[in-house]
Each structure stands twice: as structure tokens, then as C-alpha cells.
Amino acid sequence: MVSMRQWKQYWKQKDWLFVPLMVFLWLQLTVWHDPIIGLLVFVFYVWLVGSWWRRILRNIFFMKEKNVMTHVFAWSVVSIILGYVVSICIVWYRFTPVVLFFSYLVTGCCSAVLAHFVAKRTWRKKMQAPYPHNTSPSFRLCKMPKVLYLVYLVLWGFLVWILVAGRSSTVAFTPWQVISSYYVPLFFLLSCVLGALLVSTYKTKALLFLVVLHSFLLHAYLPLSHVMPWGGDVWRTMAVEKQIIDGEYIYPVLVGHGAEWVTIGPFDVPRIFMAPHKYIYGHLWGVTVLLAETMGWSLLHINIWLVPILWSLLMPLIFFRMGRLLYGTPRLGLWFSALTSIPFSLQALGGLTLAVSLGTIVFFFTLMLCIQYLRERVPCQRNIVLMLAVLSLFGYSLYALLTWLILGISLFLSLLSRYVIRPVVSKSLVTVMGFVSIFFIPVVELLAKTSYVPEQLIVWAGVRQLVGQFSGWFYATMIRPHDILSGNIFVNHTPQWAFVENMFTVWRYHVLILMLLVFLGIGMKLFHILLEEKRREWHV
2 MVSMRQWKQY WKQKDWLFVP LMVFLWLQLT VWHDPIIGLL VFVFYVWLVG SWWRRILRNI
62 FFMKEKNVMT HVFAWSVVSI ILGYVVSICI VWYRFTPVVL FFSYLVTGCC SAVLAHFVAK
122 RTWRKKMQAP YPHNTSPSFR LCKMPKVLYL VYLVLWGFLV WILVAGRSST VAFTPWQVIS
182 SYYVPLFFLL SCVLGALLVS TYKTKALLFL VVLHSFLLHA YLPLSHVMPW GGDVWRTMAV
242 EKQIIDGEYI YPVLVGHGAE WVTIGPFDVP RIFMAPHKYI YGHLWGVTVL LAETMGWSLL
302 HINIWLVPIL WSLLMPLIFF RMGRLLYGTP RLGLWFSALT SIPFSLQALG GLTLAVSLGT
362 IVFFFTLMLC IQYLRERVPC QRNIVLMLAV LSLFGYSLYA LLTWLILGIS LFLSLLSRYV
422 IRPVVSKSLV TVMGFVSIFF IPVVELLAKT SYVPEQLIVW AGVRQLVGQF SGWFYATMIR
482 PHDILSGNIF VNHTPQWAFV ENMFTVWRYH VLILMLLVFL GIGMKLFHIL LEEKRREWHV
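The opening residue of the sequence shown carries number 2 in my numbering; numbering runs sequentially from there.
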């Protein structure tokens, strides 16, 4: 029985508002279909269910409940889980307003039960407090004039105006064919101002806000500069989303009309289990469709703006917290957040609403929570990570495999430290585990028949291709006439027909120097980690 004290607590915390909210949601989905009401209902739903997740993040991951970053993370968890629940229905069955309503209901009820369960637990009082972070950096910061902050904001606004003023609807091979030639040098100047501010005595929160603004400009230049979305994948995704909203089955399915079974050896299994493409796009379909149906927004505008907005807001905060967990100080976490915007792959993924882009955001969010679990070893942290790992099976498959690979490696290392005593045996098993993890994903691709072993394996040509792409040598020496799809991690190998020259690409050999410094820094850090064997908080 619920006591009177608990009823008063529920009333004070406004948890009772969930019931009338679901009534309004049902009317919106079945009767009203009003964009303004839909927006208000969705925002209030995310706020209310997000308040439960703030309690969960506070009690399990020790985040400050009233912190802005905790609010953003809580709203993100609600959106991620809600998208996964809708994804399960789309992948295994089909989409209807009733399915969408029950997805909202299940997500809200499960979140409320979990928040209530966490609030009643007493393990947090018994456990050792989290390992303290250093609040001040071990390096000296520079004093910068206060006007420099204002200079950044003014220049940022001017760059946004340049993109909007030159917005085009013409057919182009690359956005740089329609963006003003003044944009790149001004963005470089803006980046220099941000770099100066990052080593200044400004407060970390104020600088993190600038990193978020910089991230928005780095990724939203695609939708800001062109009326239509870039890439054929977006249009194909919208076509399927329109079918889903119309209530059509996206075959194969697990239940309902057209459910099929296939024979694999002595077993009969549903065909849906052998259709990885539905799982890859399922989460993106779920998020876009629920936004379109709840608020009546156009699928075109959702697919243009969804990932650029989510990426620009979430990824800097995720990398900031990851950096703080890894390096121990907020300032180093801030630098880590800013530096992760340099690789081209992260720049490109954040500007396009694709399944891999949304999967990247969810993967790094899960990885952030996993890092804290490996550091603090709280059982409830593990359970939350496992829940997201299970749900990731209905998202982008590559990141689902990476998530389970990380969890498997952490479990292996935990058992190793618990049962293996001799250092020689331990290091040998770790080496074997390292080789197994390297070949894990290629083996899965071969088994799924999404990749193949070439008949003739030319080792020297492969090594030369690898070094040439990752070192930037191919890009520095010549712009190739053909497109290079692999190795575009740090540098994009743009083909000649889409290459637009600017003041930084006339002479490109500086890329070799920068890549040398990057790999030298990575190597020194890995060597430092190998030598540092007695970090208590990271023993697994």
C-alpha cells in the first residue's frame, strides 16, 4: 500500500501529471493533430519523464540534479529510449497511432518505476564516495580581455548570417559551391578565437557554451546553406518513413500480415532475424516518425535538422564528461570536447540525418556511462548500461556490436584480475584478447555475408593504401579524379569533380605535419597508459 506520505511526495513532485498528459497525448494522436498542441505535449512529456531520469542519473551516476548538463542528458535518455520502443514496433510489426501511444506509455511507466526503485535504495549511502576529481588544472591559464568573448559571439552570429543569406536551392556536388568564399577564412579566425579562450581564465561553463555554439556552426552549415538535404540516403529514408506513417508493413516482420520463416540447418527462424537492414535504420525511423506524428512536422524538415541539432548539443557535453572522467579535471574535459570536433568523420556525420549519425550519438552516450561504471563499479550503473546495450540491438548494428564488445572485454578483464594471479599469464591473456577483439567485427561481417575475403591479398598495396590515406599523403600530393570512400577519418579525400579550392588547400602539405603530430600524440599517450599500471580507479 502507498502511504499518505508517499502520496504527498508524488503530489509535490508533480508525478500525477503523467495521467492527464497521456489523455492529452491520446487526443492529439487520434483527434486533434494540432502542431502547437503536439509540440506542447511532447515538450511536457520529455520534461516530466526527464525529471524521473534526473533522479536516476543523480542517484546512480552521481550527476547534479539541477545542473543544465544533467537536464540535457535526462531529456536525451527519454528520447533515445522512446525511439527504441517505437523502433521495436516498426521492425517487428508496423506503425499505428495506438502503437505510438503505447510506446509513450511504456517508456513513461518504466521510467517512473525505475526512478521510484532507485529512490528507495540505500546502497548509495553505504558505498564509497566517487573518486574525487581535481578541480583546478596543473597548468597555468592566460588572462584574456573580456571583450574577446563578445568578439566570438559577434563573429559567430555573422557567420550564421553569411550561411542564411547565401542559402541556395540549386543542384551542387558540394556545399562549398554555394557557400561564400569568405566563410572558410572567417571560420578559421573564429576557431583561433575559441582556441585562445580555451586557455584563458574564463569559467569552464562559459567556454563549454562556446564549444556547443562552435559545434553547431561546424555541422549546421549544411542545412543552413541549402534548402534541400544533402545525399541520396536521406531521400531514401524519407520514402520509407512515409510508408511507415501510412501504416504499411516494412517487410519482413515478426508478427502480423506477411510474417515469414526461413530454415537454417535444423531450425526454423523468423526471416526478420536475418534482415539486418531493418535494425540498422529502425532507431532513426522510430525517432523521425514519432516526431512527425506527435507534432505534425514535415519529414523533410525533421530529416534536415534532427541530427545537426542533436549532435551540436549532445556531443560536446558527452565528450566533456568523458574527458573529465578520463583526465580528472573540467578544463581537460573541455579541451577533449573541443578537440573531438577536428576529425572529418565526426564533422560529416554531425551534419547529415543518417542512421549511422544517430547511432554514433547513442553509442558515445552509452560509452560515457560505461566509462563511469568501469571507474566506480556500481551495480546499478552496469544495469543501466546493459539496458541501453540491449536496446542498441534495434539501432545501428555496428555500434551495437562495439557496445557488446566493450562490455565483453570489461567482463573478461574483471574476471582476469579476480582469478589470475601470475602477471605473465595475465598479460598473455590480455594480448590474446586484444587480437580477438581486432578480428571480431570482420569475422561477424564474413558470417553475415556483408563482406568477403579477396581471392588475391596484396599486402604491400594494402599497406601503402592505408598509410597514404591515414597520413594525408594522398590528399596532400594530388586531388584524385575518383572518389575514395575508405580512410576518411581525419581527412576527406574529395574527388576532383567536387573539389573547391580555398586559401588553405592551395598548398596542402601542412596536413602531413598535423597528422604526424596527431599520431605522435596518440602513441605517446598509449605508451604512458602502458607504463601507468597502478591507477586504482581503473583496475578492472
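Treat each hint with caution, since some may be false.
Unchecked claim - In silico DSS-like links for lysine-lysine, alpha-carbon gap of 30 Å or less:
#: 1; residue 1: Lys-428; residue 2: Lys-279
#: 2; residue 1: Lys-67; residue 2: Lys-204
#: 3; residue 1: Lys-279; residue 2: Lys-450
#: 4; residue 1: Lys-450; residue 2: Lys-526
#: 5; residue 1: Lys-67; residue 2: Lys-243
#: 6; residue 1: Lys-144; residue 2: Lys-243
#: 7; residue 1: Lys-147; residue 2: Lys-204
#: 8; residue 1: Lys-15; residue 2: Lys-144
#: 9; residue 1: Lys-204; residue 2: Lys-65
#: 10; residue 1: Lys-243; residue 2: Lys-279
What the hints assert, rightly or not - Label pairs and their in silico Cβ distance ranges:
#: 11; residue 1: Val-391; residue 2: Lys-144; range: 19 to 29 Å
#: 12; residue 1: Val-464; residue 2: Val-155; range: 41 to 51 Å
#: 13; residue 1: Leu-106; residue 2: Gly-297; range: 14 to 24 Å
#: 14; residue 1: Val-148; residue 2: Pro-455; range: 52 to 62 Å
#: 15; residue 1: Asn-68; residue 2: Leu-149; range: 36 to 46 Å
#: 16; residue 1: Leu-106; residue 2: Gly-522; range: 41 to 51 Å
#: 17; residue 1: Leu-417; residue 2: Thr-31; range: 50 to 60 Å
#: 18; residue 1: Pro-455; residue 2: Thr-31; range: 17 to 27 Å
#: 19; residue 1: Phe-25; residue 2: Trp-498; range: 23 to 33 Å
#: 20; residue 1: Arg-465; residue 2: Phe-274; range: 56 to 66 Å
#: 21; residue 1: Phe-528; residue 2: Trp-508; range: 43 to 53 Å
#: 22; residue 1: Trp-306; residue 2: Val-155; range: 40 to 50 Å
Hints in this document: simulated from the structure, not taken from any laboratory. Predicted model only: the values in this text are computed from it and were never measured. Think of the CB as a built atom: it goes at the ideal place given N, C-alpha and C, for glycine as much as any other residue.
Find the hints from earlier in the document that the structure breaks and name them by number, from lowest to highest. 1, 4, 5, 6, 8, 11, 15, 18, 19, 20, 21, 22
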